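**Q** Chains as they are written, first to last, in the numbering used here: chain A, 54 to 169; chain B, 9 to 120.
Just so you know, the hints here were simulated from the structure itself, not pulled from any lab data. Worth double-checking, as some hints may not be accurate.
No more than 25 Å apart at the CA atoms, straight line, and that leaves these computed lysine-lysine pairs for DSS-like [to be verified]: (1) A:K102 / B:K26; (2) B:K11 / A:K156; (3) A:K168 / A:K122; (4) B:K61 / A:K156; (5) B:K63 / A:K156; (6) B:K65 / A:K122; (7) B:K63 / B:K26; (8) B:K78 / A:K75; (9) A:K168 / A:K156; (10) B:K78 / B:K65; (11) A:K111 / B:K11; (12) B:K21 / A:K156; (13) A:K156 / A:K102.
Keep in mind the model is a prediction, meaning the values are calculated, not measured.
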Amino acid sequence: AQSVAQPEDQVNVAEGNPLTVKCTYSVSGNPYLFWYVQYPNRGLQFLLKYITGDNLVKGSYGFEAEFNKSQTSFHLKKPSALVSDSALYFCAVRDRGSGNTGKLIFGQGTTLQVKP
Amino acid sequence: DVKVTQSSRYLVKRTGEKVFLECVQDMDHENMFWYRQDPGLGLRLIYFSYDVKMKEKGDIPEGYSVSREKKERFSLILESASTNQTSMYLCASWGLAYNEQFFGPGTRLTVL
Chain A
54 AQSVAQPEDQ VNVAEGNPLT VKCTYSVSGN PYLFWYVQYP NRGLQFLLKY ITGDNLVKGS
114 YGFEAEFNKS QTSFHLKKPS ALVSDSALYF CAVRDRGSGN TGKLIFGQGT TLQVKP
Chain B
9 DVKVTQSSRY LVKRTGEKVF LECVQDMDHE NMFWYRQDPG LGLRLIYFSY DVKMKEKGDI
69 PEGYSVSREK KERFSLILES ASTNQTSMYL CASWGLAYNE QFFGPGTRLT VL
């Protein structure tokens, strides 16, 4: 069965420090991988995706993520955190073999808290 | 820009009421989704639709139904609302050209 795990409920980091939000996945075939961000009382906003090609994917607001096939991971990173990055982050996966439904499996979410 | 709108940001209903949540997308996307979001549980798929009048159950369809009469509109229906349906409801759409889901702002439903 397909699944996504975000092992940390919350990540705390000081402003200006690098941040990492972890994600591991399990799919039967090759994955499409996504990160979304949710600010309080808002819908999800797309940050970045891995479809194919370079394992390092760059996205919105200075975020990037690295696809690691051997470790089945897709960790979200940013070199220098901002207080405004504080939000709820979701990792999601789609099995390429699932056809064109566009269905995603989401992790449970990780709250990022950036302190001044 | 793709726009997904939901009819209400906040909704308060009483137990036993019939509740309609509406979602509209403006990008002619084929597929639309309804999720429920609860703390610690992430997003759980209730139903999705891959064409007008076509639907498929997601992971937690019990207590919900859906309607898609037009391509741009996907409605979630709670036939008889219960307190355990108090939650944030998110609608999304997906088109082949984008290969990502676009989300609406969400409806926070409280059932008293």
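**Q** Mind listing which of the numbered hints don't hold for this structure, in increasing order?
**A** Of the numbered hints, 1, 3, 6, 8, 9 and 12 do not hold.
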